[in-house]
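Q: Residue numbers (my numbering), protein chains in the order written: chain E, 1 to 496; chain A, 497 to 677.
There's no promise every hint is true.
To be verified - What follows is a list of derived Cβ distance ranges for each label pair: (1) E:Pro107 x A:Ser529: 44 to 50 Å; (2) A:Thr557 x E:Ser180: 39 to 45 Å; (3) A:Ser590 x E:Glu10: 33 to 39 Å; (4) E:Asn38 x A:Thr534: 30 to 36 Å; (5) E:Lys181 x A:Asp622: 41 to 47 Å; (6) A:Thr659 x E:Asp145: 35 to 41 Å; (7) A:Asp622 x E:Asn38: 47 to 53 Å; (8) A:Tyr675 x E:Asn183: 42 to 48 Å; (9) A:Thr557 x E:Asn38: 40 to 46 Å; (10) E:Asn38 x A:Pro653: 27 to 33 Å; (11) A:Thr655 x E:Lys181: 54 to 60 Å; (12) A:Tyr675 x E:Lys181: 41 to 47 Å; (13) E:Glu10 x A:Ser555: 40 to 46 Å.
As the list claims (entries may be wrong) - In silico contact screen, one side only, chain E against chain A (beta carbon under 7 Å); selected entries: (14) Glu18; (15) Val20; (16) His29.
Honestly, the hints are just simulated from the structure, not real lab data. Where is the CB? At the ideal position from N, CA and C, for every residue including glycine.
Spelled out, the chains give:
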Amino acid sequence: MDYEAAFLRERKARKNAESVLEKKSRELHFTNLSLTENIDSLHFSVLENKFLAHIGRYGIERPRLRDFLPTIVNDMMRLSEIPFAAYCHFPFDEKQGNFHSYLLQNPDIANGETLEIKSSEVEGLITEVEPLIRKSGRTHLQVLDLVIDNRPIDTMIALPIICLDRLSGIIILFTKELTSKQNQALNVFRTGIKQLAIIMEHRYQEDKLQATYEEISATNAALKQTQKKLMQSEKMATVGQLSAGIAHEINNPMGFIKGNMGALNDYVTDFIRYVETAKTLTEQSLQSSDNEVNNAAKGLNKIWNDVDMPFLIEDSQHLLNESQQGIKRIIDIVGGLKRFSRQSDNKKESCDLNQIIDEALKLAHNELKFKGTVSKEVSPVQPISGNSGELLQVFLNLFVNASHAMNEQGELTIHVSENAGGVSIKVADNGCGIDQKHLDAIFDPFFTTKEVGVGTGLGLSISHGIIEDHQGTIGVTSEPGKGTEFHIWLPYEKVA
Amino acid sequence: MKGAVFTNFQEMIEDEFGMECWEALLEKCDLPSGGIYTSASTYDDQEILSLVGALSEYSNTPVPSLVEAFGRYLYDGLANSLPPSMMTYPDLWSLLEAVDSVIHVEVNKLYPDALTPKIIVTEKHDNGVTLYYQSPRKMCLLAIGLVHKAAESFGTPVTIQHTCCMNEGADHCSLLVEYIE
Numbered sequence: 001m002d003y004e005a006a007f008l009r010e011r012k013a014r015k016n017a018e019s020v021l022e023k024k025s026r027e028l029h030f031t032n033l034s035l036t037e038n039i040d041s042l043h044f045s046v047l048e049n050k051f052l053a054h055i056g057r058y059g060i061e062r063p064r065l066r067d068f069l070p071t072i073v074n075d076m077m078r079l080s081e082i083p084f085a086a087y088c089h090f091p092f093d094e095k096q097g098n099f100h101s102y103l104l105q106n107p108d109i110a111n112g113e114t115l116e117i118k119s120s121e122v123e124g125l126i127t128e129v130e131p132l133i134r135k136s137g138r139t140h141l142q143v144l145d146l147v148i149d150n151r152p153i154d155t156m157i158a159l160p161i162i163c164l165d166r167l168s169g170i171i172i173l174f175t176k177e178l179t180s181k182q183n184q185a186l187n188v189f190r191t192g193i194k195q196l197a198i199i200m201e202h203r204y205q206e207d208k209l210q211a212t213y214e215e216i217s218a219t220n221a222a223l224k225q226t227q228k229k230l231m232q233s234e235k236m237a238t239v240g241q242l243s244a245g246i247a248h249e250i251n252n253p254m255g256f257i258k259g260n261m262g263a264l265n266d267y268v269t270d271f272i273r274y275v276e277t278a279k280t281l282t283e284q285s286l287q288s289s290d291n292e293v294n295n296a297a298k299g300l301n302k303i304w305n306d307v308d309m310p311f312l313i314e315d316s317q318h319l320l321n322e323s324q325q326g327i328k329r330i331i332d333i334v335g336g337l338k339r340f341s342r343q344s345d346n347k348k349e350s351c352d353l354n355q356i357i358d359e360a361l362k363l364a365h366n367e368l369k370f371k372g373t374v375s376k377e378v379s380p381v382q383p384i385s386g387n388s389g390e391l392l393q394v395f396l397n398l399f400v401n402a403s404h405a406m407n408e409q410g411e412l413t414i415h416v417s418e419n420a421g422g423v424s425i426k427v428a429d430n431g432c433g434i435d436q437k438h439l440d441a442i443f444d445p446f447f448t449t450k451e452v453g454v455g456t457g458l459g460l461s462i463s464h465g466i467i468e469d470h471q472g473t474i475g476v477t478s479e480p481g482k483g484t485e486f487h488i489w490l491p492y493e494k495v496a
Numbered sequence: 497m498k499g500a501v502f503t504n505f506q507e508m509i510e511d512e513f514g515m516e517c518w519e520a521l522l523e524k525c526d527l528p529s530g531g532i533y534t535s536a537s538t539y540d541d542q543e544i545l546s547l548v549g550a551l552s553e554y555s556n557t558p559v560p561s562l563v564e565a566f567g568r569y570l571y572d573g574l575a576n577s578l579p580p581s582m583m584t585y586p587d588l589w590s591l592l593e594a595v596d597s598v599i600h601v602e603v604n605k606l607y608p609d610a611l612t613p614k615i616i617v618t619e620k621h622d623n624g625v626t627l628y629y630q631s632p633r634k635m636c637l638l639a640i641g642l643v644h645k646a647a648e649s650f651g652t653p654v655t656i657q658h659t660c661c662m663n664e665g666a667d668h669c670s671l672l673v674e675y676i677e
């Protein structure tokens, strides 16, 4: 048997197997290569997505650009495997001032040490590149000869962030020999930065819109307030006009009624004097022996008794007094109406509010003395320009109202101080308080919760008018069962 | 060292000295691999040194001559193992320049663990080049054999002067390769 032929055949078989193996190895190598490429491109895509997602986050989470740029710059360095970068920020709000970052290092190669070195050189480069970018508005590539942290750097890429035709920032990358992958990354950066600029633009417009909206809302609220005030003053004006007419119409007949009543009173007094004297004569005549005289006296005496003359005398005086009081009330009300409709004289003088308050307290003393204590917390205030009579009326009105609201354990507190270019006066009682549903109406004319004949419903509306006349404000807070506080503010003004 | 070197060595022995010689060498050296070589594997460098040493004794030939002769033999084996597209060099010089930049790159693709020597053309002269050789194996003579055989295959025999050698303490070898005038 020829073993050598068999041996050679086996060797040939081995060689064939080896060459097949080699072919497979080569194929494996290329598969590996393409796998590695795929992994690389996947890795790139992941980083690219992260970068773009971060940019999207700028629109959603709305961070400040200055706080946000480092994230983006780090993403860019990671994505492009560029070792160093820096950025500047030129805020819209020029008061914030421009910002230049330190030199940043790719977090993937950073060794934890800070890179203070070369900062001045980098700063110089940024300062040089800024005007170039401002002029061109485009990506700027520059050849360098630098060594940073033992790494040679020969390329600087400056990417502008342009928003609303304005340079908002520059991102500067430092690297050595741009690879094709880095070039690919640069395209991603350009797109990303454009997107960032669009988001910035949206945010800017949104903020502007929000500001405009807030302004409009405020204006609208002010307008509504004004409208409400206007309606109130129109109502007041109508009531005022009406009151003025009524007051005038009532005043004239009231004038002569008052005069007539005065005269009638005199007459009645005379009549009574006469009747009483006649009564004496009648008594004497009844004793007379003269029949004629006696009969006449009897007739008179009968009438006296029939009409119950003593009652008539007493009651007519009473009636007259009552009528005169009624007339006085009518005249008071009409006077109030006239004052409410600003028909009173408008002389302004220097008024010491503390003095006026003291005077009003004196006048209200009769009302207040059975209703508890009065305490004052008064700081010295400058005089204001006003009508002291009218102001006195206001305070008197408040004190009398307070006395009506309080029982015997009442406490009236008066607080006077300077505030906001004027005098602030607070009048607080611990009385029954005012029901919430009445609070809005208390300054309306003829509004009253008092019994008929006790209040006219004009006091507070007149007070309101007087305070408005003095360019002041009057307001009220109240809690039923706890008490009421009126607060008045009167401005200092040129004393006429 | 790559298995291809061993399989080629085995074939050279069989061709030049016969199969009995190969068997005798294996018996003498008592190698860890037992002399079972395939081109796909890698074997201890020491095995080739032992085999060459034993062959030197067997054939009564000095080791350097054997190594260079083996280089010449190895050329065809290695050249044939490359993809045909890689062996289209017009002359020796372009082949020498391609060793480091193309051929060894290709080898490393197939065998990432292969320790290929550094063989670079450092200077070009009118009638030749200076070749730089560097490898921890210091097998510059093998390289010289390979270059001679390559030159012959292009029909342009060369002289090679070994101007400095790693085996004499240098950190690399310099080979001045020149056409024979």
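Q: For each hint, tell me whether it holds in the structure or not.
A: How the hints compare with the structure:
1. Between proline 107 of chain E and serine 529 of chain A the Cβ separation comes to about 49 Å, which falls inside the hinted range of 44 to 50 Å.
2. Between threonine 557 of chain A and serine 180 of chain E, the C-beta spacing of about 54 Å breaks the proposed range 39 to 45 Å.
3. Between serine 590 of chain A and glutamate 10 of chain E the CB atoms are about 38 Å apart, so this pair conforms to the stated range of 33 to 39 Å.
4. The hinted window of 30 to 36 Å between asparagine 38 of chain E and threonine 534 of chain A holds, with their beta carbons roughly 32 Å apart.
5. Between lysine 181 of chain E and aspartate 622 of chain A the beta carbons are some 42 Å apart, a value that agrees with the proposed interval 41 to 47 Å.
6. The beta-carbon spacing between threonine 659 of chain A and aspartate 145 of chain E, approximately 37 Å, falls within the hinted interval of 35 to 41 Å.
7. Between aspartate 622 of chain A and asparagine 38 of chain E the Cβ separation comes to about 49 Å, which falls inside the hinted range of 47 to 53 Å.
8. Restraint check, tyrosine 675 of chain A to asparagine 183 of chain E: a C-beta distance of roughly 45 Å satisfies the suggested window 42 to 48 Å.
9. For threonine 557 of chain A paired with asparagine 38 of chain E, a C-beta distance near 54 Å fails the hint of 40 to 46 Å.
10. Distance hint for asparagine 38 of chain E and proline 653 of chain A: a CB-CB separation of about 49 Å, inconsistent with the stated range 27 to 33 Å.
11. Between threonine 655 of chain A and lysine 181 of chain E the Cβ separation comes to about 47 Å, which falls outside the hinted range of 54 to 60 Å.
12. Evaluation of the 41 to 47 Å hint for tyrosine 675 of chain A and lysine 181 of chain E yields a pass: the beta carbon distance comes to about 44 Å.
13. Checking the proposed 40 to 46 Å range against glutamate 10 of chain E and serine 555 of chain A shows it is violated: the Cβ atoms sit about 26 Å from each other.
14. Below 7 Å, beta-carbon pairs count as interface contacts, and glutamate 18 of chain E has one with chain A at about 5 Å; its hint therefore holds.
15. This hint is violated: valine 20 of chain E has a C-beta 10 Å from the nearest C-beta of chain A, more than the 7 Å allowed.
16. Residue-level restraint check for histidine 29 of chain E holds (minimum Cβ-Cβ distance to chain A is 5 Å; threshold 7 Å).
Hint compliance for this structure: hints 2, 9, 10, 11, 13, 15 are not met, and every other hint is.
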